[in-house]
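Please model the complete structure; the sequences and the hints are all you need to start from.
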Amino acid sequence: DAGVIQSPRHEVTEMGQEVTLRCKPISGHNSLFWYRQTMMRGLELLIYFNNNVPIDDSGMPEDRFSAKMPNASFSTLKIQPSEPRDSAVYFCASSLAPRGAPYEQYFGPGTRLTVT
Amino acid sequence: AQSVTQLDSQVPVFEEAPVELRCNYSSSVSVYLFWYVQYPNQGLQLLLKYLSGSTLVKGINGFEAEFNKSQTSFHLRKPSVHISDTAEYFCAVSFVLEYGNKLVFGAGTILRVKS
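Line by line, the protein sequences are chains A and R.
Quick note: the first sequence, position 48, residue 48 per my numbering, numbers continuous.
For any residue, its number in my numbering is found by taking its place in the second sequence, counting from 1, and adding 1000.
The hints are simulated quantities; they were obtained by calculation from the structure and are not laboratory data.
Take these hints with a grain of salt, some might be off.
One side only, chain A facing chain R, incomplete, derived with CB under 8 Å [as the list claims (entries may be wrong)]: (1) Leu43; (2) Pro84; (3) Ala88; (4) Tyr103; (5) Gln105; (6) Phe107; (7) Gly108; (8) Pro109.
Note that CB positions come from ideal geometry on N, CA and C, so glycine has one too.
Structure (structure tokens):
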């Protein structure tokens, strides 16, 4: 199994530009999570999907952030327009999570975003 | 309210010494417990988990953790650490809610192993 795949691994962009981060979850997993990690705020859950449907997006910082999951094998996190304070490592994770059952999440390697 | 607290932000320790990383949680519902490790410039990987049964759980790389329900704790231990154990460790608690499980991560503890 290839694990969770994220691209790009590093992204440097200028303030105001659109940024799109991509994630391919582990085949067969039905839940997908986007996290942001910074020194100041630690690991924050931004949004999670179950069976391609957004369940909880309360962690999305503002309207500049949007996430989609058009099918079970692909998700995107978009920031438009980007700002320097968006600089962070963004992780995607997936799990097989039947409702009510315990589950563990499998993390991708992350995308390090730098907005100048 | 559900919360997870890792009491130490950094723990320095000499090689071959024992270590304990502390994790406490607050919950009025059932929980499942996890420890993850993050090596520099990598994603998080599962170290061990407690779902049910024996309260002493063994994981990879010689780590173990003990679930203490009365103290709402799930401390991580290793009897003898190696330089390669230097990493950040995250405690995570899955709270069993009516609408499904919610996984909450602690702030992390950086373990620095010195020679």
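Against the structure, the hints come out as follows:
1. With a least beta-carbon distance of about 5 Å to chain R, the hint placing Leu43 (chain A) at the interface is held under the 8 Å criterion.
2. Violation of the interface hint for Pro84 (chain A) is found here, the shortest Cβ-Cβ separation to chain R being roughly 21 Å, above the 8 Å cut-off.
3. The beta carbon of Ala88 (chain A) is not positioned within 8 Å of any beta carbon in chain R (closest approach about 14 Å), and the interface hint is therefore violated.
4. Interface restraint check: Tyr103 (chain A) against chain R, minimum CB-CB distance 7 Å, threshold 8 Å, status holds.
5. Given the 8 Å rule on beta carbons, the hint for Gln105 (chain A) holds: about 7 Å separates it from the nearest Cβ of chain R.
6. Given the 8 Å rule on beta carbons, the hint for Phe107 (chain A) holds: about 4 Å separates it from the nearest Cβ of chain R.
7. Below 8 Å, beta-carbon pairs count as interface contacts, and Gly108 (chain A) has one with chain R at about 5 Å; its hint therefore holds.
8. The closest approach between the C-beta of Pro109 (chain A) and any C-beta of chain R is roughly 5 Å, which is under the 8 Å cut-off, so the hint is satisfied.
Violated hints for the displayed structure, listed by number in ascending order: 2 and 3.
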